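S.K.: Letter by letter, the chains look like this.
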Amino acid sequence: MEVREMICINCPMGCPLTVTMNGDRITVTGNTCPRGADYAKKEVLSPTRIVTSSVRVNGGTIARVSVKTKTDIPKGKIFDVMKEIRAARVDAPVKMGDVVIEDCAGTGVEVIATKSVARA
Amino acid sequence: MRHHDIVIVGGGPAGLAAAVAAKKAGITDILILERDNVLGGILNQCIHNGFGLHTFKEELTGPEYAARYIARVEEEQIPYCLNTIVADITRDRQVTYINREEGLVTIRAGAVILAMGCRERPRGALNTPGYRPAGIYSAGTAQRLMNIEGYLVGKEAVILGSGDIGLIMARRMTLEGAKVKAVAEIMPYSGGLKRNIVQCLDDYGIPLKLSHTVVNIHGKDRLTGVTIAEVDANRNPIPGTEEYYSCDTLLLSVGLIPENELSKGAGISLNRVTSGPNVNDRLETEAEGIYACGNVLHVHDLVDFVSQEAALAGQNAAEYVMGQNAAQAAGHTIPLVAADGVRYTVPQFLETAGMRDSVTVRFRVADVYKDRYISVYYDDKRISRTKKKVLAPGEMEQVVLTKKSLTEYPQTERITIRTEVE
Amino acid sequence: MNSQRYEVDVAVIGGGVIGCAIARELSRYDLRVCLLERTEDVCSGTSKANSAIIHAGYDAASGSLMAKMNVEGNRMMDRLAADLDIPFRRNGSMVLCFSEEDMPGLQELYVRGVTNGVPGLRIISGDEARQMEPNLTDAVAAALYAPTGGIVCPFNMTVALAENACENGVEFRFLTEVTEIQKYGEGYELTVREAEVSETGADRTITARFVVNAAGVYADRFHNMVSRRRISITPRRGTYCLLDREAGGHVDRTIFQLPGKYGKGVLVTPTIHGNLLIGPTAADIGDKEGTYTTAEELAEVTAKSARGVKDIPYRQVITSFAGLRAHEAGHEFILGEPEDAPGFFDAAGIESPGLSSAPAIGVYLAQMIARKAGASMKEHFIATRKGIPHVAAMDRESRAALIAKRPDYGTIVCRCENVSEGEIADSIRRPLGARSLDGIKRRVRQGMGRCQAGFCTPRTMEILSRETGIPMEKICKNQPGSEMITGGV
Numbered sequence: 003m004e005v006r007e008m009i010c011i012n013c014p015m016g017c018p019l020t021v022t023m024n025g026d027r028i029t030v031t032g033n034t035c036p037r038g039a040d041y042a043k044k045e046v047l048s049p050t051r052i053v054t055s056s057v058r059v060n061g062g063t064i065a066r067v068s069v070k071t072k073t074d075i076p077k078g079k080i081f082d083v084m085k086e087i088r089a090a091r092v093d094a095p096v097k098m099g100d101v102v103i104e105d106c107a108g109t110g111v112e113v114i115a116t117k118s119v120a121r122a
Numbered sequence: 004m005r006h007h008d009i010v011i012v013g014g015g016p017a018g019l020a021a022a023v024a025a026k027k028a029g030i031t032d033i034l035i036l037e038r039d040n041v042l043g044g045i046l047n048q049c050i051h052n053g054f055g056l057h058t059f060k061e062e063l064t065g066p067e068y069a070a071r072y073i074a075r076v077e078e079e080q081i082p083y084c085l086n087t088i089v090a091d092i093t094r095d096r097q098v099t100y101i102n103r104e105e106g107l108v109t110i111r112a113g114a115v116i117l118a119m120g121c122r123e124r125p126r127g128a129l130n131t132p133g134y135r136p137a138g139i140y141s142a143g144t145a146q147r148l149m150n151i152e153g154y155l156v157g158k159e160a161v162i163l164g165s166g167d168i169g170l171i172m173a174r175r176m177t178l179e180g181a182k183v184k185a186v187a188e189i190m191p192y193s194g195g196l197k198r199n200i201v202q203c204l205d206d207y208g209i210p211l212k213l214s215h216t217v218v219n220i221h222g223k224d225r226l227t228g229v230t231i232a233e234v235d236a237n238r239n240p241i242p243g244t245e246e247y248y249s250c251d252t253l254l255l256s257v258g259l260i261p262e263n264e265l266s267k268g269a270g271i272s273l274n275r276v277t278s279g280p281n282v283n284d285r286l287e288t289e290a291e292g293i294y295a296c297g298n299v300l301h302v303h304d305l306v307d308f309v310s311q312e313a314a315l316a317g318q319n320a321a322e323y324v325m326g327q328n329a330a331q332a333a334g335h336t337i338p339l340v341a342a343d344g345v346r347y348t349v350p351q352f353l354e355t356a357g358m359r360d361s362v363t364v365r366f367r368v369a370d371v372y373k374d375r376y377i378s379v380y381y382d383d384k385r386i387s388r389t390k391k392k393v394l395a396p397g398e399m400e401q402v403v404l405t406k407k408s409l410t411e412y413p414q415t416e417r418i419t420i421r422t423e424v425e
Numbered sequence: 238m239n240s241q242r243y244e245v246d247v248a249v250i251g252g253g254v255i256g257c258a259i260a261r262e263l264s265r266y267d268l269r270v271c272l273l274e275r276t277e278d279v280c281s282g283t284s285k286a287n288s289a290i291i292h293a294g295y296d297a298a299s300g301s302l303m304a305k306m307n308v309e310g311n312r313m314m315d316r317l318a319a320d321l322d323i324p325f326r327r328n329g330s331m332v333l334c335f336s337e338e339d340m341p342g343l344q345e346l347y348v349r350g351v352t353n354g355v356p357g358l359r360i361i362s363g364d365e366a367r368q369m370e371p372n373l374t375d376a377v378a379a380a381l382y383a384p385t386g387g388i389v390c391p392f393n394m395t396v397a398l399a400e401n402a403c404e405n406g407v408e409f410r411f412l413t414e415v416t417e418i419q420k421y422g423e424g425y426e427l428t429v430r431e432a433e434v435s436e437t438g439a440d441r442t443i444t445a446r447f448v449v450n451a452a453g454v455y456a457d458r459f460h461n462m463v464s465r466r467r468i469s470i471t472p473r474r475g476t477y478c479l480l481d482r483e484a485g486g487h488v489d490r491t492i493f494q495l496p497g498k499y500g501k502g503v504l505v506t507p508t509i510h511g512n513l514l515i516g517p518t519a520a521d522i523g524d525k526e527g528t529y530t531t532a533e534e535l536a537e538v539t540a541k542s543a544r545g546v547k548d549i550p551y552r553q554v555i556t557s558f559a560g561l562r563a564h565e566a567g568h569e570f571i572l573g574e575p576e577d578a579p580g581f582f583d584a585a586g587i588e589s590p591g592l593s594s595a596p597a598i599g600v601y602l603a604q605m606i607a608r609k610a611g612a613s614m615k616e617h618f619i620a621t622r623k624g625i626p627h628v629a630a631m632d633r634e635s636r637a638a639l640i641a642k643r644p645d646y647g648t649i650v651c652r653c654e655n656v657s658e659g660e661i662a663d664s665i666r667r668p669l670g671a672r673s674l675d676g677i678k679r680r681v682r683q684g685m686g687r688c689q690a691g692f693c694t695p696r697t698m699e700i701l702s703r704e705t706g707i708p709m710e711k712i713c714k715n716q717p718g719s720e721m722i723t724g725g726v
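From first to last, the protein sequence lines are chains C, V and S. Position 2, counted from 1, in the first sequence is what this note's numbering calls 4; the numbers after and before it change by one each time, with no gaps. Position 273, counted from 1, in the second sequence is what this note's numbering calls 276; the numbers after and before it change by one each time, with no gaps. Position 439, counted from 1, in the third sequence is what this note's numbering calls 676; the numbers after and before it change by one each time, with no gaps.
So that you can see chain C by itself, here it is in the shape it has in the complex (with noise of 0.2 Å):
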């Protein structure tokens, strides 16, 4: 049996959460709402996070667009995600939920824009 201690990072309250893994059988206390459970479960399993940064734009109002991945992604991927959001242009007009990058480091998961940016 393996006990972890962490903070449910779902909204601002921040639950400490206490996770008790028991060979398949996982246990959540602490939590205040039913995400909390489902946030633990995954974060023991398989955590996941949304990551969010911003890409070059051409011939935009603005030198940058912010951009996020749709969805979250594997921890794991975070850094290989970050490469190709770094890598990536985008021409203006940029509209708020464009898709900036398809399928992102083979997560099968879209960078998208998360503000509109005109043309110069």
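In short, the hints are calculated from the structure, not lab data. Treat the hints with caution; some may be incorrect.
Pairs of lysine-lysine, DSS-like flavour, derived with a Cα cap of 25 Å [what the hints assert, rightly or not]:
(1) C:LYS77 / V:LYS182
(2) C:LYS97 / V:LYS60
(3) C:LYS77 / V:LYS197
(4) C:LYS72 / V:LYS197
(5) V:LYS197 / C:LYS79
(6) C:LYS77 / V:LYS158
(7) V:LYS60 / C:LYS72
(8) V:LYS223 / S:LYS525
(9) V:LYS158 / V:LYS212
(10) C:LYS85 / V:LYS158
(11) C:LYS43 / V:LYS392
(12) V:LYS60 / C:LYS44
(13) C:LYS79 / V:LYS158
(14) V:LYS390 / V:LYS197
(15) V:LYS60 / C:LYS77
(16) V:LYS223 / S:LYS711
(17) V:LYS60 / C:LYS43
(18) V:LYS182 / C:LYS79
(19) V:LYS197 / C:LYS43
(20) C:LYS77 / V:LYS184
(21) C:LYS79 / V:LYS184
(22) V:LYS184 / C:LYS85
(23) S:LYS711 / V:LYS182
(24) V:LYS267 / S:LYS547
(25) V:LYS182 / C:LYS85
(26) S:LYS525 / S:LYS501
(27) V:LYS406 / V:LYS384
(28) C:LYS44 / V:LYS197
(29) S:LYS609 / S:LYS420
(30) S:LYS711 / V:LYS158
No experiment lies behind these values; they were computed from the predicted model shown.
Model the placement of chains V and S on the given structure of chain C, informed by the hints.
M.R.: Here is chains V and S on its own, set in the frame of chain C:
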């Protein structure tokens, strides 16, 4: 002199939410004055996610959160001026602003909503000894340079202060290839949100050194390193605990100060704890018809609460302009008192005449407390209490007062919010 | 004068207030003058970190050059401020005395002041002092009051002197460090390293009939290159704290403490821009670049200031800094030619009251050199200079008119100090314009306020890059090596 029903100073999250709410309440003649070249304020550079869970029930990035409010301002065709600095506000609500197109303009406002936000405490305020080289940034300045302008401020960084912007920047710099060597926090606990410590520091193995501070700054031209030392209970460095960290960047995340120069200019006195104006439950300052909301009123932890508070200010300002100012009706003023571990309350006063059915009182606590109650007293009578597993200064708390409960105690002279062990 | 064999008639080493004052006075004459400055801008050494006050002149020993230059410099300030459009105010000063036993010391100071020619001096009682300055402590027993004491902006003053000198033909070479001086005919050959021209640091030479040594804490190095009569300059570090404008009215006059049984105190003064300044400490150090503050010295500033002035709101400190006074062992200004180095003119050992004395030192040395050179006055010397308009301080109509003409005066970049984009652009475009963020700050106070450049840094960098063509990656806080960013994301 030109007249507008409501003038909103600041087009950040507070100003936008106030504008939308005022419009919804029936005021069409609104003007937002924004100093930057876009609406949205600080949200534009907060490209990380985690905004909007309360307001929109989904997790947005700063620009996305701002865009939702900007879209509503545009839909409602609420006028705004960009690149515009407000130079002066008088107590009788004359607002003077400056921009390149119009020059210097003074307008008369039916109501004014202060939504100027806050600024970061600079190094100077800490009196940290050492040289004064390039490479020392407040975390928000570095955030702007990275996320809006697209520049890397440094390659090896130490962060002083564990406020949320500092934590967010620790991750941001790491993702962009910089090495963040440590975050030093003078207090025995972090000033930031717990989730940010997990996902910004722990995820990347960045040490958080609690009860530590920077005691020396090295490098005459560009920063070459800092000395960090442990501090005692009185926050004085302990000799012999000094450690040198070579770095080219020091980010400061050591507190936010509401930007109340204009409020002071209008003769509005400030609360010593919040550094914001004292307000009543309608978020009206001591100057009639001048309201305050968002970080200019008190520094918030979450933008969702800023939006809520600002919407209330917008609605109240609208009602004031439309002559529905219930404060003129019979009633009395009850001071709200912060006690026993509660540092302050916003609002600071409650005016029974104009009171809505419920009033949200926001506050912060003075220290990290475990298993405490938050209690509300009407004079010496405890009205309610809520058990909290953890209370921390980095996170804003709230209680709700209802008109119904207050009518049961019409003689109440004082409302006290306190923490209690038992 | 047969000066054809020299590239310039006079080479001035050092672009501090002394070098610039001398250069400006020299520019009245028919002389080819060149000023060599090691850093990227004028006013980057001792001139930028001092008490920013114009002393009345009672401190220095009667008959000394210090006394003479101080009193004369003080007298010249009204005219200079008017001619060069620099802010200056005679706010008056007080020297506080805390005990009966120190009274003879105060009396001595009074007599010295009168002998030195300081007008209007008065010894006043503690009560009268408190009446004039309500925030003085009850410990104040008496004070020497000097109505002619003043406050000035040392940055503005130095820049104004330099700009006016430049307009009158003085050539300024920045990032030019003198590494060697050798005799060359009747004059001198200076070896210089130009940081900008060659990154490999290849040396060049400049020949000059006369040399002025206004090199501050480094003046001993240059003096000793040409003279066997050695001098030795010890950097004396002074640490200061600057408080928010909100605290600026805490005292109206410059408040000194009489050195007494509690040692030498620190001063408390409003600055010309309305902040409150307290300091300096005095620590003799070996390092001529040792402009760092220490926790001990910062604590000393607060502890000592509280003795004479009560309730100083230390929470309102917006920055602290340290400057180095060029203390010479003899504690006297060294002005003129060493016996064994004719044509080499020292302006060395310029510690307090150096800023106050600068206008007089300029005249004194320029006249000495002109006489020796047999130079005549120029026909068309331009005596006045107009500063950059401070738009926020203007009345409404003038400000509106100016913005109508130049819209960039309507875009406020630094909101703490209310500095517009137009003013920042001006500070870069003028002759000897700013080439660094500190240069802009010293000219128009961008970033000098309570947020200490938190908000305006990115925008100011952009304007500097746009106006000068310096790429963002090369924008510096001050000299090369102080780059603000390390590259693109």
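S.K.: State for each hint whether it applies.
M.R.: Each hint, compared with the structure:
no., hint, in the structure
1, C:LYS77 / V:LYS182, "holds (19 Å)"
2, C:LYS97 / V:LYS60, "holds (22 Å)"
3, C:LYS77 / V:LYS197, "holds (18 Å)"
4, C:LYS72 / V:LYS197, "holds (24 Å)"
5, V:LYS197 / C:LYS79, "holds (23 Å)"
6, C:LYS77 / V:LYS158, "holds (23 Å)"
7, V:LYS60 / C:LYS72, "holds (16 Å)"
8, V:LYS223 / S:LYS525, "holds (12 Å)"
9, V:LYS158 / V:LYS212, "holds (20 Å)"
10, C:LYS85 / V:LYS158, "holds (17 Å)"
11, C:LYS43 / V:LYS392, "holds (22 Å)"
12, V:LYS60 / C:LYS44, "holds (21 Å)"
13, C:LYS79 / V:LYS158, "holds (22 Å)"
14, V:LYS390 / V:LYS197, "holds (19 Å)"
15, V:LYS60 / C:LYS77, "holds (24 Å)"
16, V:LYS223 / S:LYS711, "holds (17 Å)"
17, V:LYS60 / C:LYS43, "holds (22 Å)"
18, V:LYS182 / C:LYS79, "holds (18 Å)"
19, V:LYS197 / C:LYS43, "holds (19 Å)"
20, C:LYS77 / V:LYS184, "holds (21 Å)"
21, C:LYS79 / V:LYS184, "holds (22 Å)"
22, V:LYS184 / C:LYS85, "holds (21 Å)"
23, S:LYS711 / V:LYS182, "holds (22 Å)"
24, V:LYS267 / S:LYS547, "holds (24 Å)"
25, V:LYS182 / C:LYS85, "holds (16 Å)"
26, S:LYS525 / S:LYS501, "holds (23 Å)"
27, V:LYS406 / V:LYS384, "holds (16 Å)"
28, C:LYS44 / V:LYS197, "holds (18 Å)"
29, S:LYS609 / S:LYS420, "holds (17 Å)"
30, S:LYS711 / V:LYS158, "holds (16 Å)"
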